[in-house]
Amino acid sequence: MADYNLVKGHDIKIAGVPKNTVVEGETPEFVALKPSEFRGIKPKLMVQEGDQVKIGTPLFHDKTNPEITWPSPGSGKIMEIKYGPRRVIEKIVVKLSDEESSEYFSSYNPQEINNLSRKKIVSALLKGSIFPFIRQRPYNKVPDPDVIPRDIFISGWNSGPLAVNLDLALRRRLPQFQAGVDILNKLTDGEVHLSYNENTVSDTLLNVRGVRAHTFNGPHPAGNVGIQIHHVSPINLNDLVWVVNAQDVVRIGNFFLMGKLDTTLFVTVGGPSVLNPIHIKSRLGSKIEYLLKDNLSENENRIISGDVLTGTKSSLEDFIEFYHSTISVIPNESSREFLGMLRPGSSSSRYSLTNAFIGSRQKNYSFNTLKNGSERYILPINAWENVLPMDIIPNALYRAIYAKDIEEMEQLGIIECDEEDFALCSFACPSKIDVGGMIRQGLDLMEEEG
Amino acid sequence: MLGLLKKILDKYRENFDEGGKLERLYPIYEATDTILFSTNEVTENGPHIRDSIDTKRVMILVVMSLLPLYVFGAMNIGFQNSIAIGLERSNWENFWFGFSKILPIIIATFTAGAFWELLFAVVRKHPVSEGFLVTCALIPLTMPAGIPLWQIVVATTFGIVIGKEIFGGVGMNIFNPALMARVFIFFTYPTKISGDKVWVLGPDGYSGATALSIPAAELNQDALTLLNNFDQFDYSWWNMFWGWIPGSIGETNKFLIIIGALFLAYIKIINWRVIFGSILGLVGTALLTNLVAPFSSNSMFTIPPHFHLVMGSFLFGTAFMATEPVTGCHTNQGRWIYGILFGSLTVIIRAINPAYPEGVMLSILFVNAFAALIDWFVIQANIKRRQARYAQ
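As they're listed, the protein sequences go chains A and B.
Per this note's numbering, residue 1 is the first one in the first sequence, and the count goes up by one each step.
Per this note's numbering, residue 1001 is the first one in the second sequence, and the count goes up by one each step.
What the hints contain is simulated information worked out from the structure, not anything from laboratory work.
Any given hint could turn out to be false.
Each computed SDA-like pair below joins lysine to any residue, with the alpha-carbon atoms no more than 25 Å apart [claimed, not checked]: (1) B:Lys-1268 <-> A:Pro-219; (2) A:Lys-8 <-> B:Arg-1385; (3) A:Lys-371 <-> B:Asn-1040; (4) A:Lys-404 <-> B:Tyr-1026; (5) A:Lys-371 <-> B:Arg-1385.
Generate the whole structure from the sequences, applying the supplied hints.
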């Protein structure tokens, strides 16, 4: 029996589920870091085009918090610093050299790690540019290192569509994961919570010590850390918790054991347009082209960094984002159906959480980018509520955000919410409303005012 | 042929786009365009894939679930007429007779509805909402077959404009627009929609009491005995269930209504909580009135719950009006309370209010008004739960 059995939610049956085998990825020619993807920071460059950098060399820092720096994901020459509109730094591209080298920092054995003080750990994380792998809730951003979090949460289960099977990513990496957990334990006065699903759990997670383990069952988004926090120990007013991706716990552990940044990243490529959906042992910030080489169907495709629900529109020329471990590819579609609203429509050609289309549901459905409708006013048929396993009233919260009523937003629990947990609501909405985007707006507003 | 149609639409698109000479009429163009060809809008960020359902499909499915009621309604109009004039007719002839009576009503409703919807879409610059299709499909079903067409037009106007558009359109209205149309006629032209003379298309002065008005007219009687002894119409339970009785066009056949409601609940467009709540409220309150019946002279108190279910328009109102998602409660707990309140109020108005033997329409409008308040309490409970946690 799982500790938490969630009923609400939905596992989208999308075609192109990655096989449970890992292939060694081709070393990309370019890797990049994208400062624009980090929320709430003002990036200030620490390198220039043409500079030589090593793995782990800080590339930029946050103006408001200069000790937080971001590491170079590769060793080589800075090829290009690309600016977007209004001189926003979009990406810093590194051309890898044949022989890569790393910045080295002090390393410790497991016993020594246990004797480190919080202060020492924080300064090591900052110096080694490892700190950005930690994020805080609420607001889902890189935290202030001086604030001690109430708890730290790790999700050991990716429930999202086409996500990495963490068993593959964490296999035989118990020592690193254990070291990472030990480090995190020093950072909080509370506990390190680890949640996983009994059916997909890795031995690494079962054998790790020093965590409070929880089991979760249920459809997506039960594996989202935000949902897990909400059920295990919800964020109250003025609470602050940290979250770390399971793969990044390994990275943090490895940093203390080896004294350098481990750039390994297990990535899935999947979706209807991927010929051979599979797990790839790749690296941080890899150029997407190298992940999808000879593996795409002919049609016009949309490439997404991240999963199909929460990811970012991307391209072969672009790079996988910092916290993402999935590349999804779906066909771009722009055909129009004659009298589409009147066609009876069967569920072999359409996919719906309502039973509005006749016939047995196809096993895996080939989704495309069509919105399947235009935006309309809210039609409250419980479409949002049925896929949100939280004690939150999404409809009321949406209205409060729409009205910019900060007090009511707070009362209705916006600080427990994050965009990614509401992505399924947007997916299911018959009025095609972007609920997740609205939650984001609300959080931004809260952060500004609060 | 299709390609040509598409070409014509694309050719004139620029006139309606921003800066075009017919820019103001864009909502009409958009509606025509997207009704003919499903939209090719694609996702931007956020979820890159979307569910196949959209509001157009939702509304069309509701309209489809109403179609059998039109067919039966037409047949029943003919059937009642044949009794009134004492003529033998086949079902087919009955249908055509009834169809010739309700077709003008449907045309009048949709013309008036579409006119106002399009006008407001253009003036208020909002997209044409598919919701008016459902509103206009519901209005004729709630009317007696002999309703004058000009009254239908005025009522539809009232329903769409006052019931919906002044609040900002579909999704923002407080009251069910189709019921607003009916209530308008009910209070402004009561002789056309209440009493014993309007439910059957018969010779002038032909009169036939409805099932509910029979016990309402008598004192100190048992309602079932009264219905049994009534020989003009067959008011047995089963006959009322199958709907061969006088009444509004769409309300009489309970079997088809239940099928429609099951269909809509199965495709998750209406919420079963409202339906069960309503039945619970109706049965509970009816039992209560049965208990006090011996101490009262009111014959309505003696109607047993299972008769309440098939008399009048309770099931029609429950399935298609009270469950309307926008004007009902938006929270699940609220939906239970909303349903129960609606069911009880129906019996209370039927039994206690001497002026109106039927209470479904008024009680739906009444609970519509309360829906936001009920939701408010549910939301406050959610807030209190959270605050209690903060305090720990």
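Hint check:
1. B:Lys-1268 <-> A:Pro-219: Since the Cα atoms of Lys-1268 of chain B and Pro-219 of chain A sit roughly 19 Å apart, the hinted pair holds (cutoff 25 Å).
2. A:Lys-8 <-> B:Arg-1385: It holds: about 20 Å lies between the C-alpha atoms, which stays within 25 Å.
3. A:Lys-371 <-> B:Asn-1040: holds, 7 Å
4. A:Lys-404 <-> B:Tyr-1026: violated, 30 Å
5. A:Lys-371 <-> B:Arg-1385: Status violated; Cα separation ~37 Å.
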